[in-house]
Every structure is written in C-alpha cells, then in structure tokens.
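Novice: Residue-level listing of the chains:
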Amino acid sequence: MLQVQTVTRMFGQKAAVDAVSFTVDGPAFVGIIGRSGAGKSTFLRLMNRLIDATSGEILVDGRNVLALKGTEARAWQSQCAMIFQQFNLVPRMDVASNVLHGILNRRSTLQTMFNLWPRADILRALDILDRLGIVEQAPKRAEALSGGQQQRVAIARALMQDPRIILADEPIASLDPMNAQVVMDTLKRINVEDGRMIIANLHTLDTARRYCDRVIGMRDGRIVFDGTPDQLSTSVARDIYGADETFNEAATSTSIPTDTAADRSYADLMLS
Amino acid sequence: MVDIAFGPERGKRPDLANNREAYMEMVRRKRMYGGLLLVIFVALMASGWMLADDRNAGGFWQGLHQVFEFPSEVFAEAWQKSANLPALFWKHLPALIETLNIAAVATLIGALAAMALSLLATRGLARWPRMIPVFRRTMDALRAVPEIVIALVLIYILGGGPVPAVIAIALHTGGALGKLFSEVAENADLKPVEGLASVGANWSQRMWLGVIPQVAPNWLSYALLRFEINVRASAILGFVGEGGIGHDLKLAMQWGQGRYDQVVAIFLLLFLAIVAIDRVSDHYRHKLVKGH
Numbered sequence: 000m001l002q003v004q005t006v007t008r009m010f011g012q013k014a015a016v017d018a019v020s021f022t023v024d025g026p027a028f029v030g031i032i033g034r035s036g037a038g039k040s041t042f043l044r045l046m047n048r049l050i051d052a053t054s055g056e057i058l059v060d061g062r063n064v065l066a067l068k069g070t071e072a073r074a075w076q077s078q079c080a081m082i083f084q085q086f087n088l089v090p091r092m093d094v095a096s097n098v099l100h101g102i103l104n105r106r107s108t109l110q111t112m113f114n115l116w117p118r119a120d121i122l123r124a125l126d127i128l129d130r131l132g133i134v135e136q137a138p139k140r141a142e143a144l145s146g147g148q149q150q151r152v153a154i155a156r157a158l159m160q161d162p163r164i165i166l167a168d169e170p171i172a173s174l175d176p177m178n179a180q181v182v183m184d185t186l187k188r189i190n191v192e193d194g195r196m197i198i199a200n201l202h203t204l205d206t207a208r209r210y211c212d213r214v215i216g217m218r219d220g221r222i223v224f225d226g227t228p229d230q231l232s233t234s235v236a237r238d239i240y241g242a243d244e245t246f247n248e249a250a251t252s253t254s255i256p257t258d259t260a261a262d263r264s265y266a267d268l269m270l271s
Numbered sequence: 000m001v002d003i004a005f006g007p008e009r010g011k012r013p014d015l016a017n018n019r020e021a022y023m024e025m026v027r028r029k030r031m032y033g034g035l036l037l038v039i040f041v042a043l044m045a046s047g048w049m050l051a052d053d054r055n056a057g058g059f060w061q062g063l064h065q066v067f068e069f070p071s072e073v074f075a076e077a078w079q080k081s082a083n084l085p086a087l088f089w090k091h092l093p094a095l096i097e098t099l100n101i102a103a104v105a106t107l108i109g110a111l112a113a114m115a116l117s118l119l120a121t122r123g124l125a126r127w128p129r130m131i132p133v134f135r136r137t138m139d140a141l142r143a144v145p146e147i148v149i150a151l152v153l154i155y156i157l158g159g160g161p162v163p164a165v166i167a168i169a170l171h172t173g174g175a176l177g178k179l180f181s182e183v184a185e186n187a188d189l190k191p192v193e194g195l196a197s198v199g200a201n202w203s204q205r206m207w208l209g210v211i212p213q214v215a216p217n218w219l220s221y222a223l224l225r226f227e228i229n230v231r232a233s234a235i236l237g238f239v240g241e242g243g244i245g246h247d248l249k250l251a252m253q254w255g256q257g258r259y260d261q262v263v264a265i266f267l268l269l270f271l272a273i274v275a276i277d278r279v280s281d282h283y284r285h286k287l288v289k290g291h
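Just so you know, the sequences run in chain order A and S. Anchor point for the first sequence: position 31 equals 30 in numbering that gives the first Met the number 0, and the numbering is continuous, going up by one each time. Anchor point for the second sequence: position 279 equals 278 in numbering that gives the first Met the number 0, and the numbering is continuous, going up by one each time.
Just so you know, the hints here were simulated from the structure itself, not pulled from any lab data. Keep in mind that this is a model prediction, so the values were computed, not measured. Just so you know, not all the hints are guaranteed correct.
[Unchecked claim] Coverage of chain A stretches by chain S, computed from C-beta distances (three or more under 8 Å per stretch; other residues unrestricted): (1) 0 to 9; (2) 169 to 179.
[To be verified] Here are the computed distance ranges between Cβ atoms for each label pair: (3) A:Asp129 <-> S:Arg231: 20 to 26 Å; (4) A:Leu109 <-> S:Glu185: 50 to 56 Å; (5) S:Tyr283 <-> A:Leu122: 47 to 53 Å; (6) S:Glu185 <-> A:Glu71: 29 to 35 Å; (7) S:Gly160 <-> A:Phe10: 31 to 37 Å; (8) S:Gly160 <-> A:Glu135: 56 to 62 Å; (9) S:Leu107 <-> A:Leu122: 51 to 57 Å; (10) A:Leu67 <-> S:Tyr155: 48 to 54 Å.
[Claimed, not checked] Once the Cα atoms are required to be at most 20 Å apart in a straight line, the calculated DMTMM-like pairs of lysine to aspartate or glutamate come out as: (11) S:Lys90 <-> S:Glu76; (12) S:Lys190 <-> A:Asp93; (13) A:Lys68 <-> S:Glu193; (14) S:Lys190 <-> A:Asp225.
Even for Gly, the Cβ is constructed at its ideal location relative to N, Cα and C.
All chains, please: the whole structure from these sequences, using the hints.
Specialist: Below is the structure:
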C-alpha cells in the first residue's frame, strides 16, 4: 500500500532526511522515534507535501505522490491528513467550522468565503465530534478549549477528510499524561475500527511500545531501526538516541506509574 | 547587601564619596554635549532661514505684517452676516456629504486592493514568493504619486466630478494601506495556515480562513485611520474641480466680494465633520485593538 523509496531532503549541505526507504502493507500503526533533529517531522511534512523532497519516491497504491503538482498535490493532501504538535487550528473560529475545514479541498473559494457548507457535511462534522466525545464544544471558539480537546478537534478535522493515511507529528508532545492517553487511544481506535493507516512521530518510548504495530527509529536522517515494539530493547533505544549507559527511559517517561509502592509508603506514613 | 553585590573584600567596594564625584562629572559632561548640540542646531536654523528668505519671491519681512489681514477681513465680514450661518450650513451640507462619500468609497476600494496586494507581498504568505518585489514596488509607486497629481491627470481624461476623485484617492490608499496591512500580516501566526495547507486548501482559502481572522482588527483600525485622512484629501481635491465641499470653498474664496460668510460656514462644517469622524473612529479603533 505504501512504499517509500530512498527519499532524501537536503537543507543546504545537510541531509535532514537521508535515503529513507520502507514499505507498509495494510493499515498499520507505525511509530517513528528518534531524538530532536533526526528528521522525523521533515519526513512527515514531505509525505503530506508541505515541503518538497530533494529526491526519491513515495508510492501509494503505485502512484508517486511526491511528483504531484498544484491541484493534484492538494488533492493528495486531502487524502493524507496531518495532525500537529501545536494543533494548528484556526483559533478564532468555532470548533465545528474547524472540523469542516477538513473538506476545504472539495469546496470553492467563494463557498468558503461565504461560509456555505452543505447540511450533510455539517451533520457529519457533528457526528465525528460526537464520536470523539466533544460534540458539546461544537459552537465554542477553538482557542477556548484545553490542549487535549484542541488535539481531538484536530483529529476530527483529519477524520472529516476521510483519509486513508493519517500522519501525526508529535501529537501528544504538548499534552499532560491524561490527555495524551485520550488522544493516543483515539488514534488507536481510528486505526483499528476504520482501518486507516497511522504514522506517528512519538517522543516517548513507552507510547511507541504500547500503541504501535511497528516502530521505525531514525537518527541523523537515516533509518537505524525498523521492527516490532518487542524488539525495541534499551540497548536499541540507546543506539537510536545516541545515548550512553546513563540513559534511563523511566526518567523521562510520561506514563502513569503502575507500581503502587510509593502510594503505599505514603499511606503508611500518614496512618502511623 | 554590599557584600552580595561586590564581594567580601573591602578594597573592591566602591568608594561612596568618589562615586558621587564621578557621577557629577558625568552629569556635567552630558550637559556640555547637550549645550553644544543646541548651539549647532540654532546656528544651522538661522543660516537656513537666511537662505530661504533670499530665495523667497516676495520677501518674508515685508509680507509678515499682512499675514493676519486676510483672516481678519474674512472674520469681520462673517461676523456681520452671522445670521446667515445656519442657512449656509444647510446649503453646503449636500456638498459635505458628497465629499464624505468620495472618501468612504475610495477607502473601501483602496482597502480591498490593499488586502490583496499586502498578502501577495508578505514573506511567508505570498502566492508567488518570487513576485514579492514586484508587488512591493507596485505599492511604493501607488504611494509615491500624490492624489492631486492623479486627479489632475484624470480630470483631463474623464472630466471633473466625483469618479476621478474616488479613483485618485483609492489608488493612493491602496499603496499606503497595503504597506501597513503587509506589516500586520507579517506578524500573523502561521500555524493555522500550515494546518489548512495540510488538508489541501488552496491559497485564497488559506488566506481567508487562516490569516484574515487574525489580522482583521488591526486592518480595520488602519482603514478607519485612512478614512479620516481621505476626508481631508477629498476636500482638497474639490479645489481642482472634483466636486464636493472643496469646490464650494474655492468658489466662495475666489469671487471674494461678500461671500466670506460662506467660507467660514464651510470651514466650520469641515472641522465639525473631521472632529466627528475622529471621535467615532477613535472609539471603534480602541474597541477593535483592545478587544472591548
């Protein structure tokens, strides 16, 4: 379904993405991990055509999407939704309008200027918001919502596009652990229930292990790891992040701890 | 506190008495520089004045005592006929409305042109990034030509009347507002624009939904300010035959002979109109920028 073939993006003399190749069959949940500047974001932006690749091909059902131009490139963007770390909603517009922006590619400029959306599409937007549990926020301005809610609006906008592939660029990096879990659970549900492929850049290993079917590790623009979450051992992680023995993933983990020893000792202290 | 700021050793602490001396020295030095600059400024002004007076056709000093003769004549005559003023206000009101309409239509058309020009000329938003210098120079050119020059040219082509005035003011407004609009748009947050780009929205959709809502309050505020300026411009254009209250003023002043009460009435009308616009636009601009 998706074939990435030696995709390269140069920024001056430096290769931000360096001859990246991989293949995904079927609607998998793919996680991309790596330290800042490893080229994860650049790769997703290439795929969504927000920036152009220097060389290489991305074949989706045999069609090279990197070669598309103008209207065709925008039509591809509408089939390949993107979710951003900072949500990238229109803050002054209401939530339902932001969701409706997902079908802008099908709407003319004039229809957009006069805010003319078909009734069926408005109802569909509300259904999607209902599915994500935030339909009561529909008339509010997007900027009035919390970070977790805004990210769910962004996911709703992506679903409105009815895409085959959803790209998520650090979708939970600016959220607290509770909201992060809600957002990741939502993405997983979309992956399983709708059968849409999801490619997500993730900044924590435990998230990658918990949600992904497949993990790709990038370092300095190259793929240095490609396997299942079970194969993602601490030594592999050290290799991906270029860290030494002092690297301890628990130190930066954002998951809620499962062991209750600390709670127990605190309870004992308070009861004694 | 002294220990914290300067360390524990006594030798390194500043001597308070000497410090005063040093500061007074600095004050004296600054005063001297200031005084020197003032002397240079006065000398330059005086020499420039002499040069300007030499180049003056009539002579400044000979004409100086006559400066107030014309206004006093106007006011004296207007005072005698002050009973006419209310009727004259009423008579010239349609002309004032014409002047205001010219300014309003010109501001509207100019602002619409400025919207398009400014977005096309803003780095990061432009539809064709390589064409940015072209659109910038276009705005510079529109700004550089004064309204009155465009109006004089158009009068030859189109004849006198409000339409050439509207075109002349709108062209200048397009250039002037385009520059200001572009500066506002440069500071717009690009995240919504990127989000809209990722769903496959075209350029005009990205601008309309991603940029315009952000910049609208500031743009409106600049457009209201421009409206005030355009009312004055529209009154001046009446002098060269574009209709409106400027035309009435020119006729009243030209024919002299017992029409100075009209001059005063027109000036008062214009003054009141500008004060009213100033107050109203001030109120709304404040509301738009501060958000309440």
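Novice: It remains to establish, for every hint, whether it holds in the given structure.
Specialist: Checked hints:
Only residues whose C-beta sits within less than 8 Å of a C-beta in chain S count toward coverage, and the region 0 to 9 of chain A has 0 of them, not enough to reach three; the restraint is violated. Requiring three or more residues with a Cβ within less than 8 Å of a Cβ of chain S, the coverage given for the region 169 to 179 of chain A is violated, as only 0 such residues are present. For the pair Asp129 of chain A and Arg231 of chain S, the beta carbons lie near 56 Å from each other, so the given range of 20 to 26 Å is not met. Between Leu109 of chain A and Glu185 of chain S the beta carbon distance is about 27 Å. The supplied range of 50 to 56 Å is therefore violated.
For Tyr283 of chain S paired with Leu122 of chain A, a C-beta distance near 38 Å fails the hint of 47 to 53 Å. For the pair Glu185 of chain S and Glu71 of chain A, the beta carbons lie near 31 Å from each other, so the given range of 29 to 35 Å is met. Roughly 58 Å separates the CB atoms of Gly160 of chain S and Phe10 of chain A, a value that falls outside the hinted 31 to 37 Å. A C-beta distance of roughly 58 Å is found between Gly160 of chain S and Glu135 of chain A, which places it inside the suggested range of 56 to 62 Å.
In this structure the hint that Leu107 of chain S and Leu122 of chain A lie 51 to 57 Å apart at CB is violated, the actual value being about 37 Å. For the pair Leu67 of chain A and Tyr155 of chain S, the beta carbons lie near 53 Å from each other, so the given range of 48 to 54 Å is met. For the suggested pair Lys90 of chain S and Glu76 of chain S, the alpha carbons sit about 19 Å apart, so the restraint of at most 20 Å is met. Under the criterion of a C-alpha separation no larger than 20 Å, the hint pairing Lys190 of chain S with Asp93 of chain A is consistent with the structure, at around 16 Å.
The suggested pairing of Lys68 of chain A with Glu193 of chain S holds, with an alpha-carbon distance near 18 Å, which does not exceed 20 Å. Only pairs whose Cα atoms come within 20 Å are accepted, and Lys190 of chain S paired with Asp225 of chain A is rejected, the gap being roughly 31 Å.
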